[in-house]
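Asker: Now for the letters of each chain:
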Amino acid sequence: MKKLYFVVIYCITGLSVPVYSQANTCTLSLSGKLSGEDAADNMCYSTVTIAELNLSILADASGFFRFDGLCKGNYTLVCSHLGFTTSRTSIILDTSRVVHVELAHSVNALPDAEVKTEHTELFTTQSATELVGTQLDSKKGSDFTQLLDGMTGISALKTGGNISKPVIHGLHSKRIIIMNNGVRQEGQQWGLEHAPEIDPYSAKKITVIKGADGVRYGPDAIAGVILVEPAPLRNTPGTRGEINLAGFSNGWKMAGAIALEGSTRKQSPFAWRMQASYRRGGNISTPGYSLKNTGTEDMGISAAMGYIKEKYSGELYVSLFRTRTSIFSGSHIGNLTDLMNAINAPEPPEKSGFSYTIGRPYQDVTHLLTKTTHTFKTGKNSRLNVVGAFQYNRRKEYDKHVPLNDSLAALNKPALDFLLATATLDVNWDHKIGRRFRGMIGANTLYQENTWNGNFFIPNFRNILSGIYWIEKFAIGKIELEGGIRADHNFMQVFMYENGQLIRPIHQYINMAANAGVIIKPVKNFTVRINYSTAWRPPSVNEMYSNGLHHASASVEIGDRNIRPERAHNLNLEVSYENSWFKGSVLGYGNFINDFIYLRPTLPATLTVRGAFPTFRYEQTDALIGGMDADIRFLAWKKLSIYGKASLVRGWNRSLRDWLILMPADKLEGGVQYNFKSGKRIKNAYIHISVTGVFRQTRVPDSSDYLPPPPGYVLLRAGAGGTIMIGKQALEIYLEANNILNTRYREYLDRFRYFHDAPGYDISLRIRLPLDFTKKS
Amino acid sequence: MKKWHYTSVAAFAAITLMTGCADDPHDHNEEELITTVKLHFQDTQDPLDIRDFVFRDADGPGGNAPSQFDTIVLSPGRTYTLTLELLNESADPAEDITAEIEEEGADHQFFFNISNVNITVAYADQDVNGLPIGLVTTVTTASESSGTFKVVLKHQPGIKDGNQATGESDVELDFQARIE
Chain Z
63 MKKLYFVVIY
73 CITGLSVPVY
83 SQANTCTLSL
93 SGKLSGEDAA
103 DNMCYSTVTI
113 AELNLSILAD
123 ASGFFRFDGL
133 CKGNYTLVCS
143 HLGFTTSRTS
153 IILDTSRVVH
163 VELAHSVNAL
173 PDAEVKTEHT
183 ELFTTQSATE
193 LVGTQLDSKK
203 GSDFTQLLDG
213 MTGISALKTG
223 GNISKPVIHG
233 LHSKRIIIMN
243 NGVRQEGQQW
253 GLEHAPEIDP
263 YSAKKITVIK
273 GADGVRYGPD
283 AIAGVILVEP
293 APLRNTPGTR
303 GEINLAGFSN
313 GWKMAGAIAL
323 EGSTRKQSPF
333 AWRMQASYRR
343 GGNISTPGYS
353 LKNTGTEDMG
363 ISAAMGYIKE
373 KYSGELYVSL
383 FRTRTSIFSG
393 SHIGNLTDLM
403 NAINAPEPPE
413 KSGFSYTIGR
423 PYQDVTHLLT
433 KTTHTFKTGK
443 NSRLNVVGAF
453 QYNRRKEYDK
463 HVPLNDSLAA
473 LNKPALDFLL
483 ATATLDVNWD
493 HKIGRRFRGM
503 IGANTLYQEN
513 TWNGNFFIPN
523 FRNILSGIYW
533 IEKFAIGKIE
543 LEGGIRADHN
553 FMQVFMYENG
563 QLIRPIHQYI
573 NMAANAGVII
583 KPVKNFTVRI
593 NYSTAWRPPS
603 VNEMYSNGLH
613 HASASVEIGD
623 RNIRPERAHN
633 LNLEVSYENS
643 WFKGSVLGYG
653 NFINDFIYLR
663 PTLPATLTVR
673 GAFPTFRYEQ
683 TDALIGGMDA
693 DIRFLAWKKL
703 SIYGKASLVR
713 GWNRSLRDWL
723 ILMPADKLEG
733 GVQYNFKSGK
743 RIKNAYIHIS
753 VTGVFRQTRV
763 PDSSDYLPPP
773 PGYVLLRAGA
783 GGTIMIGKQA
793 LEIYLEANNI
803 LNTRYREYLD
813 RFRYFHDAPG
823 YDISLRIRLP
833 LDFTKKS
Chain W
41 MKKWHYTSVA
51 AFAAITLMTG
61 CADDPHDHNE
71 EELITTVKLH
81 FQDTQDPLDI
91 RDFVFRDADG
101 PGGNAPSQFD
111 TIVLSPGRTY
121 TLTLELLNES
131 ADPAEDITAE
141 IEEEGADHQF
151 FFNISNVNIT
161 VAYADQDVNG
171 LPIGLVTTVT
181 TASESSGTFK
191 VVLKHQPGIK
201 DGNQATGESD
211 VELDFQARIE
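Protein chains in written order, with this note's numbering: chain Z, 63 to 839; chain W, 41 to 220.
Please keep in mind that the hints were generated in silico from the structure rather than gathered at the bench. Note that CB positions come from ideal geometry on N, CA and C, so glycine has one too. Don't take every hint at face value.
What the hints assert, rightly or not - Dumping the calculated BS3-like pairs for lysine-lysine here, alpha-carbon to alpha-carbon at most 30 Å:
| hint | chain 1 | residue 1 | chain 2 | residue 2 |
| --- | --- | --- | --- | --- |
| 1 | Z | 729 | Z | 266 |
| 2 | Z | 583 | Z | 700 |
| 3 | W | 190 | Z | 413 |
| 4 | W | 78 | Z | 413 |
| 5 | Z | 95 | Z | 739 |
| 6 | Z | 462 | W | 190 |
| 7 | Z | 790 | Z | 700 |
| 8 | Z | 462 | Z | 95 |
| 9 | Z | 586 | Z | 95 |
Stated by the list, open to error - So the derived list for chain Z, only partly shown, Cβ under 7 Å to chain W, looks like this:
| hint | residue |
| --- | --- |
| 10 | 396 |
| 11 | 403 |
| 12 | 465 |
| 13 | 669 |
Using the sequences and the hints given, assemble the complete structure.
Answerer: What follows is the structure, encoded as structure tokens:
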């Protein structure tokens with residue numbers, strides 16, 4: 063029986079890590095390159111193991127690997143990469159050798175390895191960035207959106223220091239989809255101050271697809287998709303786990319998570335995994351003052367149980383996440399006069415010291431996800447995947463003040479209370495025909511109900527979405543082509559009272575999405591990706607039914623029930639080059655969005671008992687959002703890497719011939735990292751320093767904002783990390799310092815820039831302890 | 041076989057948790073909305089001279105525009121007692137907010153900003169800490185003129201100190217005012 067080693071893949075910032083053997087008299091080296099059977103295969107970070115020495119290293123981003131200090135002998139070289147069949151090559155080492163290993167595709171799971179989930183293989187020619195391994199581990203404990211910080215093309219839409227949501231190429235909320243463990247995350251994502259309710263500790267890999275991907279993921283994926291994946295279940299016998307701890311100086315935040323996984327015995331088809339996490343923080347500090355009422359508390363637990371056999375594998379997964387987030391006290395304003403007083407005050411008038419208390423106003427959100435996955439092997443290289451899931455999202459928002467009436471106040475009810483229940487069923491058949499064709503045919507169904515309590519903001523509704531799609535990839539030589547097509551039907555019925563009458567309006571749409579793309583490797587080390595995608599999104603319930611004072615923004619927003627869906631035409635071109643000492647890529651994109659829905663200021667202002675409020679109506683226009691993401695990295699002497707990144711976005715309202723509001727400002731980042739030679743006790747140690755510069759956003763529409771965009775700023779960041787071996791136990795330590803110069807600044811995409819500065823310096827220490835309780839035989 | 045049991049239980053639970061609730065929504069009912077502000081002037085020398093001026097926005101912010109926003113008209117050279125009354129007329133029966141403001145007088149203060157019209161306002165009530173509330177004031181008029189009489193209600197729990205700029209504005213109304 064072939065024994066296959068299960069290998070965990072983790073990326074170490076683009077460098078391969080040489081491993082030195084114990085004996086000094088052995089000086090031979092074994093090096094080489096891994097490649098896949100197709101030109102487009104990326105063998106980055108494959109695991110290469112010398113079986114007899116129990117020595118494992120990772121290949122670098124191009125598939126190069128190297129072992130040094132080996133003795134003469136006969137060895138078995140085991141190479142593996144997710145999605146490929148592990149190869150075993152016998153090598154007789156009597157002199158230093160260079161080898162070339164080619165791995166064959168495996169659509170099927172590695173038997174007696176992991177439950178293969180249908181999203182592990184990306185069916186897209188869009189540009190995608192992965193966050194995995196050390197790059198992710200060195201950020202654990204941060205908020206979900208902050209994990210993505212540093213990826214070009216990605217920004218964050220913030221509401222103060224505690225709430226942030228991801229922005230891809232200038233778009234966010236209902237124009238991107240977040241897939242949480244293979245399930246479309248459904249919360250009240252239309253809200254600008256509603257952060258994704260995902261436990262950041264639950265992710266083992268985060269992939270960001272930059273560009274429309276409406277064929278595979280359905281409506282709403284106009285600007286991109288974020289795939290959050292936990293560690294796959296594996297039935298290698300034994301019990302393993304990890305402990306993660308983090309502490310942050312700003313807000314004196316503490317965070318920790320423990321994960322355990324295992325399988326009962328050899329040859330057992332069962333595997334399990336459990337994880338629990340907790341985070342607690344107090345008032346955040348800006349360089350000049352503390353922010354009153356900015357404490358937070360998050361907790362998450364999840365459990366998975368899998369059954370893995372060759373012809374069938376199945377998994378049951380449950381996760382529960384709860385977050386309580388206080389909202390800065392001074393942001394609660396009564397009317398425009400209050401807002402102007404706040405804008406004109408150099409510092410918030412309400413002062414505070416430090417406290418962990420979570421007080422009013424605050425948000426209390428709970429998200430429950432239960433999911434069951436079944437994978438059937440239907441042919442040598444094809445699988446049928448079925449995923450059924452149920453999500454429950456309960457969002458309670460508590461106002462700053464309790465009602466004046468004492469008996470009402472005693473009830474301590476939230477001002478806004480939403481319950482969104484969503485059931486989804488996804489089926490797809492993932493197939494391979496011959497060596498060249500690989501594709502997927504699938505269908506998705508979503509059924510969702512929303513109910514509210516407290517004050518009216520959005521109505522009750524029932525939402526049903528069904529879609530079918532077909533994607534095929536054709537690979538030949540240096541070219542890979544992909545095409546896909548999808549049709550969706552969306553039925554939404556709203557239930558609400560208007561002028562005392564119950565109305566039940568229906569909104570129904572049928573639309574298609576399509577994409578066509580090509581990946582070419584014209585010459586060695588060059589890759590060109592060209593992609594055209596068209597996607598759409600139905601108007602969201604707040605865009606149609608808002609009608610009233612939006613306290614948080616001191617404005618009256620009026621929806622339009624006749625708004626049509628948006629239609630996006632996305633064109634992307636990415637050129638990348640990579641060799642052993644240089645890696646660079648430039649992505650240029652343009653997104654034509656017709657019937658783009660936005661808030662347009664209108665006159666007259668609305669008169670209320672609190673005075674006049676600026677009034678905005680949801681309207682449609684034709685928009686064009688374009689930009690460029692660039693990443694370059696030089697590697698000198700295998701130890702020193704110098705990198706630069708640039709993200710530029712331009713958003714243009716074609717109909718009004720003016721800029722679009724809330725587009726990210728231009729951002730540049732540059733840094734240096736030095737990797738130390740790994741020794742017996744200390745491995746993978748590094749230090750880095752980087753500078754980030756954000757320009758002032760000058761491209762904004764006139765008279766659309768209370769305060770012009772803030773000035774540009776420069777932030778300095780540095781850190782160090784490494785793995786300490788205590789006997790056989792590894793201990794990973796990461797030390798980071800953000801905003802070292804304690805720069806005072808405000809971000810344009812922070813809705814609280816009217817009230818206070820961005821956070822000051824923050825020093826964090828993270829520890830990761832991988833555990834293995836398996837008895838070595 | 042066991043896996044199918046879990047799936048069907050989950051599906052059943054999902055359906056039962058969902059059906060029925062969305063179809064039966066609440067009617068809009070904002071608690072403690074201030075829909076109506078009444079300014080009740082009574083001449084201190086001539087108690088039969090009573091003038092009421094009203095701001096009314098029955099459905100609250102947004103929706104229909106305010107249905108009534110009177111202009112204040114007072115006689116020159118007189119002294120009036122001004123009493124304020126705040127109501128939530130979207131509720132049935134109408135909620136009296138005035139009583140609640142008085143109860144939590146230590147957290148509230150009315151401010152009066154006059155421009156161009158010859159009116160002066162002096163506080164005539166106090167909260168438990170000796171700071172004025174402004175539900176009752178003494179208003180003195182001089183010669184004929186016209187301008188704006190702004191009434192502001194600030195909610196300042198824990199931070200009330202006579203400063204108009206802090207706390208949140210629950211009411212801010214620019215009444216047109218004339219002395220004639």
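Asker: Measuring from the C-beta of residue 669 of chain Z to each C-beta in chain W, is the shortest one below 7 Å?
Answerer: Hint holds; residue 669 of chain Z Cβ to chain W Cβ min 6 Å, cut 7 Å.
Asker: Does residue 700 of chain Z sit within 30 Å of residue 583 of chain Z, going by the straight-line distance between their CA atoms?
Answerer: Given pair residue 583 of chain Z, residue 700 of chain Z holds - Cα atoms ~25 Å apart, limit 30 Å.
Asker: For the hint on residue 465 of chain Z, does the least C-beta distance to chain W fall short of 7 Å?
Answerer: holds, 5 Å
Asker: Given the hint that residue 729 of chain Z pairs with residue 266 of chain Z, does the C-alpha gap stay at or below 30 Å?
Answerer: holds, 27 Å
Asker: For the pair we were handed, residue 790 of chain Z and residue 700 of chain Z, check the Cα-Cα distance against 30 Å.
Answerer: Given pair residue 790 of chain Z, residue 700 of chain Z holds - Cα atoms ~27 Å apart, limit 30 Å.
Asker: Would the hint linking residue 78 of chain W and residue 413 of chain Z be met if the CA-CA limit is 30 Å?
Answerer: violated, 35 Å
Asker: Given residue 403 of chain Z as an interface hint, is the shortest Cβ-Cβ distance to chain W below 7 Å?
Answerer: Result: holds, 5 Å to nearest chain W Cβ.
Asker: Residue 95 of chain Z and residue 739 of chain Z were given as a pair; does the straight-line alpha-carbon distance stay at or below 30 Å?
Answerer: With a Cα-Cα distance of about 21 Å, the restraint between residue 95 of chain Z and residue 739 of chain Z holds, given a limit of 30 Å.
Asker: Does the alpha-carbon distance linking residue 462 of chain Z and residue 190 of chain W stay inside the 30 Å limit?
Answerer: Holds, because 25 Å separates the two Cα atoms, which is no more than 30 Å.
Asker: Going by Cβ atoms only, is residue 396 of chain Z closer than 7 Å to chain W?
Answerer: Result: holds, 4 Å to nearest chain W Cβ.
Asker: Compare the distance between the alpha carbons of residue 190 of chain W and residue 413 of chain Z with 30 Å, and conclude whether the hinted pair is satisfied.
Answerer: Roughly 29 Å separates the two Cα atoms, so the pair holds.
Asker: Take the C-alpha atoms of residue 462 of chain Z and residue 95 of chain Z, compute the straight-line distance between them, and say whether it is at most 30 Å.
Answerer: violated, 61 Å
Checked against the numbered hints given earlier, this structure breaks hints 4, 8; the rest are met.
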